[in-house]
Amino acid sequence: MSHKINATFNDRPLTAEDGTTVGAALMTNGVTSWRNTRKEGRPRGLFCGIGVCFDCLVDVDGEPNQRACMVRLTEGMRINGAEPDTAEEEA
Amino acid sequence: MSSSQHYDVAIIGAGPAGLAAAATAAERGARVVCIDANDQPGGQFWRHRPEDTHPEDDGSLHHDWKTYLRLRAGFDAAAAVGSLCFYPGRQVWMAQREDNGFTLRTTASAQAGRAAPGPQTVRATQLVVCAGGYDRQLPVPGWDLPGVMAAGGIQAFIKANGMLPGKRFVVAGTGPFLLPVAANIAEAGGAVAAVCESADLTGWFPHLATAARVPAKALEGTEYAKSFLKHRIPYRTRTVVTEVLGSDRVQAVRTAKVDSHGRTVQGSERLIEDVDAVGFGWGFTAQMELPVALGAETRVDDDGSLVGVVDSQQHSSVPGLYLAGEVSGVGGAALAVVEGVIAGRAAAASTAAQSSAAESSAADVRLARKAGTYRAFARAMHLAHPVPAGWQDWLRPETTVCRCEEVTAGDIAAAKEHLCATDARTMKSMTRTGMGWCQGKVCGFAVSCLAGTEGASAESLRSVAKRPVSVPVTLSELLTLEDEQVLETTTDH
Ligand SMILES: Cc1cc2nc3c(=O)[nH]c(=O)nc-3n(C[C@H](O)[C@H](O)[C@H](O)COP(=O)(O)OP(=O)(O)OC[C@H]3O[C@@H](n4cnc5c(N)ncnc54)[C@H](O)[C@@H]3O)c2cc1C
Ligand code: FES
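Taken in sequence, the protein lines are chains A and F.
According to my numbering, the first sequence is numbered sequentially starting from 1.
According to my numbering, the second sequence is numbered sequentially starting from 1.
One chain only, chain A, in its complex shape (with noise of 0.2 Å):
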């Protein structure tokens, strides 16, 4: 059986199952995006899920760049994103 893994979004508590990716965990927590791109500012999250487009890209443990897709969420993990604008209007 899995159990519950802790770690943070912008210093916010976020938690998923055992066995998830970054991005997984941070989709079942409502959040969609956690990137703005350069030009125009606009958001965005996992597009091909398997590490080719880099539309995920995170910043994980103080480590910049880092695809949310290929990476698994450890306890104690401290994510950093752009903030979604939209979350909250989601619950």
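Bear in mind the hints are in silico, worked out from the structure with no lab data behind them.
One or more hints might be untrue.
[Unchecked claim] Simulated crosslink set (BS3-like; lysine-lysine; CA at most 30 Å straight-line):
id : chain 1 : residue 1 : chain 2 : residue 2
1  : F       : K257      : F       : K230
2  : F       : K466      : A       : K39
3  : F       : K226      : F       : K167
4  : F       : K416      : F       : K257
5  : F       : K416      : F       : K370
6  : A       : K39       : F       : K416
7  : F       : K167      : F       : K257
8  : F       : K416      : F       : K466
9  : A       : K4        : F       : K226
[What the hints assert, rightly or not] Sample of chain F residues lacking proximity to chain A, with all beta carbon distances greater than 12 Å (derived):
id : residue
10 : A80
11 : Y87
12 : E223
[What the hints assert, rightly or not] Here are the computed distance ranges between Cβ atoms for each label pair:
id : chain 1 : residue 1 : chain 2 : residue 2 : range
13 : A       : P13       : F       : E417      : 26 to 34 Å
14 : A       : G30       : F       : E51       : 25 to 33 Å
15 : A       : G30       : F       : A414      : 36 to 44 Å
C-beta: ideal position from N, C-alpha, C; glycine also.
Assemble chain F with the ligands onto chain A, guided by the hints.
Quick look at chain F with the ligands alone, frame taken from chain A:
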């Protein structure tokens, strides 16, 4: 810390082709190394939950799981006796050919969390590239909204995490692969508002005899049909998504019918509302960076993808380099396994020279026949599911084509008209398409089509796959290279 190890055979990728190649070569006495960017074997087709938290995957989301378990048993047995060395979670970012074989540079796929350990440099006499592929994309207004994903990406999310990346989905594009994606969504508890297939399935009629010779495929088809009925999934043929709507994430899609020439039919538009996830897939693009960098001869396949040219032994035009699975032609997992076995046998034989000729030839004939059957099926599939000829009609000047550098269809049209950019390489230098993080993997096909006058040319597709490094790496990794010249060509990133 740079260590180097030498093997008889190196295999890049542990998907259907790589698993088969590795197990086969090791079984035949070769000292094998296998490297895969993912944390565990399986590739795209057999991607599964992490084995440490979910050791007993029952294969319910998978087809042909029995074949996986059999291949995996051979793979694990070889690893247990030390004839196979597996480095998961590491990517090969460069491959070079030298006098006595190949040198591969590897890096951890993730620099944070559980960064996978392994050698930075691996050397081998023979190389089998089984790098697979990824969903081919066509740009459409709104496809850069969060919630839009590659169809395969949605499936990968479900298979790896046991969760859904949304609640109500539309799956669109072309090809039989849209069916398992929709079925996986429904089985995981998601709603599928529609599957939009651009093709008219009558495209299969001329090839039914060929298709019927692949019994497993037919069976798979009936299973999906059952799943569609059970979950009431609407399957709409000759239908495309012409726009994704939403402000900061997907909220709806607009669909339209296409005629027999692949052009959208005026007045056939429909709005599907309350959608929070869209999956697009227009067939697959093979990961050709490493074969192209090594100088392998390529061709444009029936589906318009750039793939490697191989002989009956899966041997490429480069001595000692074998290609198996999607990189030698997109054809599905069953074909990938057969090609992996052929490549594994051939690569091991050329290092050991101890195989019995009589036994080989009978087996060779059997494998060749099997591969031929699957290839014929793949060809039928490609011809029945073309990219619709009129896809460019749904672009608007402001539609993003290159997601990384945010280059629009209007920018591309202007560069074509005023600057005579008629292939992907010229387009790249004029507009920055393909200069971003993904290096043109996502937009390369579309840009080649938009720049060209008659679809995507081999030349253009080749220029897209030609990159000094196959994945972005850090400067410190580049500094591990002794070769100064390579360094110079890679610093623009
Ligand atoms: C997301 C996705 C989902 C799919 N789902 C289905 C499905 O449900 N049904 C179906 O019939 N077909 C599916 N396909 C098509 C399927 O991929 C192929 O039929 C089959 O998996 C091909 O096998 P392969 O061994 O050639 O490649 P893959 O299975 O793609 O395996 C390639 C492996 O190589 C690794 N790799 C690639 N480049 C490198 C590198 N530079 N360094 C290290 N490792 C590398 C990858 O991590 C991957 O594990 C899917 C494809 C994708 C992209
Ligand atoms: S979603 Fe494409 S790299 Fe992560």
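Consistency of the hints with the structure:
no.	hint	verdict
1	F:K257 x F:K230	holds (25 Å)
2	F:K466 x A:K39	holds (26 Å)
3	F:K226 x F:K167	holds (21 Å)
4	F:K416 x F:K257	holds (29 Å)
5	F:K416 x F:K370	violated (45 Å)
6	A:K39 x F:K416	holds (22 Å)
7	F:K167 x F:K257	holds (25 Å)
8	F:K416 x F:K466	holds (21 Å)
9	A:K4 x F:K226	violated (35 Å)
10	A80	holds (24 Å)
11	Y87	holds (15 Å)
12	E223	holds (23 Å)
13	A:P13 x F:E417: 26 to 34 Å	violated (53 Å)
14	A:G30 x F:E51: 25 to 33 Å	holds (28 Å)
15	A:G30 x F:A414: 36 to 44 Å	holds (40 Å)
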